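Residue strings, one per chain:
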Amino acid sequence: MNLGLTQEQEAVREVFAALFAKESPPERVRAAEPVGHDPALWGHLIATGALGVAVPEAVGGAGAGLLEVALIAEEAGRRLAAVPFAEPVSAARLLVACGATELLNLVLAGAVIVSLATKPVPLADQLLADGAVADFVLAFDGDRLVAAGRPDDVRHLPNLGSVPFARWQAITSEVVLSDGATAKRLFARAVDEVRVLRAAALIGLAAQAIEIGAAYARERRAFTIPIGSYQAVAHPLADALVSKDGGQLLTWKACWAADAGEPKAPALASMAFAFAADTAYHAAQHSLHLHGGYGFMAEQDIQLYYRRAMGWATAFADPRRELHVIADRTLGPVGSIGPQESTDWEAG
Amino acid sequence: MDFTEASNVAEARILGQAFVREHVTAEMVRDELRTGDGVSRPLMEAMGALGWIAPTWPESEGGAGLDQFQASAIFNAIRAAGGPMVGPGTTMLAANAIRAMGSEELKQAILPAVAKGELLICLGYTEPEGGSDVFQCQTRSVRDGDQWVINGQKIFTTYAHMADFCFLLTRSEPDSKGPHGLTMVVVPMDTPGIEIQAVRTMGYERTNIVYYSDVRVDDLYRVGDAGKGLHVMRAALEAEQNVAPSSRTPRLSDAAQEWALAAPDGRGGVMADDPVVRERLALLAIDAEVSDLLGYRVAFIEQIGGKPGPHAALFGPETYVKWSKEMIDMIGPAATIDWTDPEAVAGGVFEYHFRSAVASTIYGGSSEVLRSLIAEQLLGLPRSRPKT
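Those protein sequences? They're chains A and B, same order as listed.
Under this note's numbering, the residue at position 329 of the first sequence is numbered 329, and the numbers go up by one with no gaps.
Quick note, this note's numbering runs 1000 ahead of the 1-based positions in the second sequence.
So here's chain B without its partners, still in its complex pose (with noise of 0.2 Å):
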């Protein structure tokens, strides 16, 4: 036992924080705020260009032979200045389900340029219908000589009109039902037949709703068996899940315990002396702590082969809705003032922080999805959902 950073994460941080000064420009955090994007390709290809888009993968391939703490330090070391990691992160779920189960060629096809940040892959799970649910899927993959027709449409595809390829979940087999008869496919964007629609978000965030019409894909693109798209899909799944979290409440913490250290009482004092706001700032860091810790032990029991489950996806999220509201209530209706005015509390973070929290218990498997999955294989509790 030993909670120690190892000194090669420490150089690590340090790495992603000049990298950060040289790379993260003013100009980038607003453009994101701006647009909602999640994407920087210039971010992508100084970050491949040191083989930090799949920092855990060989140098060989492209990666830097990092372990999963020193690319959690790299990767929040970027995030916590505001450069948009939704991009890469997201990139590297599809990315690794294709080099677990894709064909060899379809690696060579495409693995290489993700390293080098070149290839920008959105996820293509969701449905209208489906939600949660993703093995409701109705997108529908016909067999045609080489190739596979797609017809359907697909929602929450996140950075679909800057994507170079979509990670597509589709139904090939037309009597199948829930997880059985599903197919998986990275479609090139560039396809005629596809098309995109914008959708705002409360978060600052923007995300789209795709359409897929006759779009003809060489089988080449398939990844897996055809009919086996579960397989793929519950890897895909299950790394979202575990992924070393990067909880944001302790970056929530950092900002509020700051401004209570800072703010005056008008009594002479700061805020921090408030013992309404003392109560509040220790529940919120030991939330942090308890997210952080969850977050380790991701990235411990993955690097020693094991499977740690939802905790953290669960634990993270779920305090960051809590303590995005509570910090509002705390701070007062200042804190409610938005980042594009001057008069912003701490630029706005505490108003980002509620409208951008609510997603968070939501995409990668909603909170209850996830409590299920914790009940079933960890309790050992019968399943909730109808069988499909």
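Isolated chain A, as found in the complex (with noise of 0.2 Å):
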């Protein structure tokens, strides 16, 4: 076991936390307002190969892993940064598995956006997560897994995270990549993937959200001593760093675990998601509350971590039902044990 990055994987992060820090600072994070999308930045994404991290080199990327481009979302949750990233970077190794090279390079090359609808509802029904500035989306439909055209009128729907959100009503193309069992399976694990780069970045957001409170409890005084001397203001901020740092670890196991091939990784890319969804929430709440009535003043930046922490991982699905897809790993689908013979235990 080693819980250790490599060399080559702290270069990764050093060199997107570098550029996060420097094109994603809070003013830009507000000028991105209310879409969420911030082009200038998105095209650093792609000048860097961001999008292409972990798509083989075979088919034009760089060859990582999850584990890599769960290091990027993190950094960019750090920054709060205003571009599509955790479905645009499922979505690419989506037409990886599907051999749809033709539009894989075009997203590479930055010419296209290429998002993924992640419920397996009719396209029309979902609210997209990136829906206001994808060119394309994936979506499966219970059989065919399709890349759908953006339709000519489409509009963003201002909401409290700024998530990109739109409705694709009447799309302008639709190309089949996948179908039946293959495509089944290779939604399901795009699905897991943006579980886990939610996670990353919820974790990434979590991690700065601590650090402003932190510094703000280190300055402010009340009552004649920095507030941060109270115990219930800190002790909230030392349970959050905890989580963060044990959601983590969960988000790169699961990473690893998907690398790897291991039958653990499906439940534990569920695990990631609730936990890092309920530490980013925790943290950013604690973190905006210690700034009193300031936190609630629209100049404080922790109230962009507030609102972010509920509309990113929303955007995503409602932690507590995950929980049913966790126990559905763990334990087995409901009524898949089935009644028993005989046995020792008593119900209560």
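Do not rely on the hints blindly, as some may be mistaken.
To be verified - Result set (BS3-like, lysine-lysine): computed pairs, CA atoms no more than 30 Å apart in a straight line: (1) K1228/B to K1107/B; (2) K1307/B to K1107/B; (3) K264/A to K1325/B; (4) K1322/B to K264/A.
Claimed, not checked - Negatives, chain B to chain A, calculated, CB over 10 Å: (5) P1058; (6) A1109; (7) K1116; (8) M1162; (9) D1225; (10) Y1296; (11) G1380.
Hints were generated in silico from the structure; no laboratory data involved.
Just so we're clear, the structure is a prediction, and the values are computed from it rather than from any experiment.
Backbone N, C-alpha and C define an ideal beta-carbon position, used for all residues, glycine too.
Two chains, two separate frames, one set of hints: put the complex together.
Here it is as structure tokens:
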């Protein structure tokens, strides 16, 4: 067991930490509201090859794994980067798996944005996380996996977390990428990758929310001493830090499991998302709260984190409903055990 | 990044399980439940024969030359079978401090016998007035020629009634306060003037109050410099907070899943089909996974020479307490029947966990102390306690 990052992974992390620190300061995050898309930052991501980090070299990527892109997602989350990332990275890998190299090349060149519709229901019924900015969305209708073209008329739906939400009612094109059992399997894997990458972004968000809260608690005085001296202020931040570090390890393990093809990978992916969503919310909530009335002011950065802790998680799923996905993957689906012949247990 | 268990760790676990089959008898497990001593001398000697009391020490010192992960795998295999491991684990906290800070003569007198499983050392930190604030220490030691004369009282000295030595924190400078003027001594427990009083706990554990009246100890048994007990204590406390923890949350999760997958729901299915059960078991499975990961993180950071911080020592016990309560709610009143009755659910394991969990958020530093350490050392927040 080796819980350390390799030199290459550290390098990926440092490069993108520096990029987001420079290109996604709070002013840029605010300027990108309400749509939540910063085209200049997106241009930098394309130029650095971020979308292709986890795409095989043979088809134009860097040939790294999910862990490396999760490190990028974490740094993006730390700076609230106003760019679509989890779904486009997963979609790019899905295009590889389907052999759709033509569209993949356009993605890697930055000519189009391809996202993923993560629910297995008709496309028109979904609130698409990147709908306002994507050119194509990969969607699964229960049988076919298709690349759907952006409708002519797309309206951004202004929202809590400045997510580029939109609905796609009348798509302009549809190309079938895969169908049947293969499509189902590939789509399930792609959705699990979104789980992990959203978890990574939420962990990065939590880390910075804790930093902002700790910095404020060191400086701000109440009743003559810094508020960080009060345990009611300090201790929930300590709990948040522990959850953030634990959630980061859980996310990394989920990435490793997916990259290594471990049987526990799907269970770990759903655990990572549920835990990260909870961790990010509580970290941002306490950090905002300890700002007192100031935390409520639009000019404070912590409110940007608080709104996205909620918005980024709910854009993917209800974390509590995800618990049932975890249960399916750890205990087996409901009814799969069947009645027991004899047992020593007493149900109470 | 590689979460694969190393093959030598899997081998260590298999060795541990084979050891369990030979040495951890049903009688030993029952005795432990009955007495709550936390110690089995035959178990310690059998472990010592393999170098497993001090598994990470080199073989030349009586250890087994294993890494932290291998050592944890062995200890956890023995714990999972119900073998009493409080004695060996706690003895090693003192032994490691002696190894780091003791004189050559003291090390020779104690460490080889510890490694063989022949010596049991209890911890004498806590006093009735002190609790988590160990530096309130009022037990006095006075130098008299080549000896120290000790007077005072310690509480929660687990297995003192069986121990060979006590790793004792004393105040050697009469007017000193707080962390200054302390001296650490390992006191032979057969010295005249030591009186032990049993304390029963709600957690099936026995602990003790120990009175020291004019107890005379040779200076040989001093650990580190006189008046510098703080340094010894700090090293020992950090070792305790950083111990690769063997959180019990994963064991609770395993037991709960086993129950849910077998217990009938009265409608032809099992309790694992019930959404209220599923949500709880999913949350518990996450906390179990994170507890384990934070434990591995300790072993990993120790191995590369860093300071892991008390994350695992906080998260493991906090989740253990929380879920020990939730599991009884979930299973119902039958879960409260204890291990002495054949009707107990899963041998009374849930009742046992509920009783036992609460102490885990206290010993080795209460959760509040650990949160303050994290706030101060990792978040740079001001100290919240008055300076002494």
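- Message: Under the constraints set out in the numbered hints, which ones does this structure not fulfil?
- Response: Hints 10 and 11 are the ones this structure does not satisfy, whereas the remaining hints hold.
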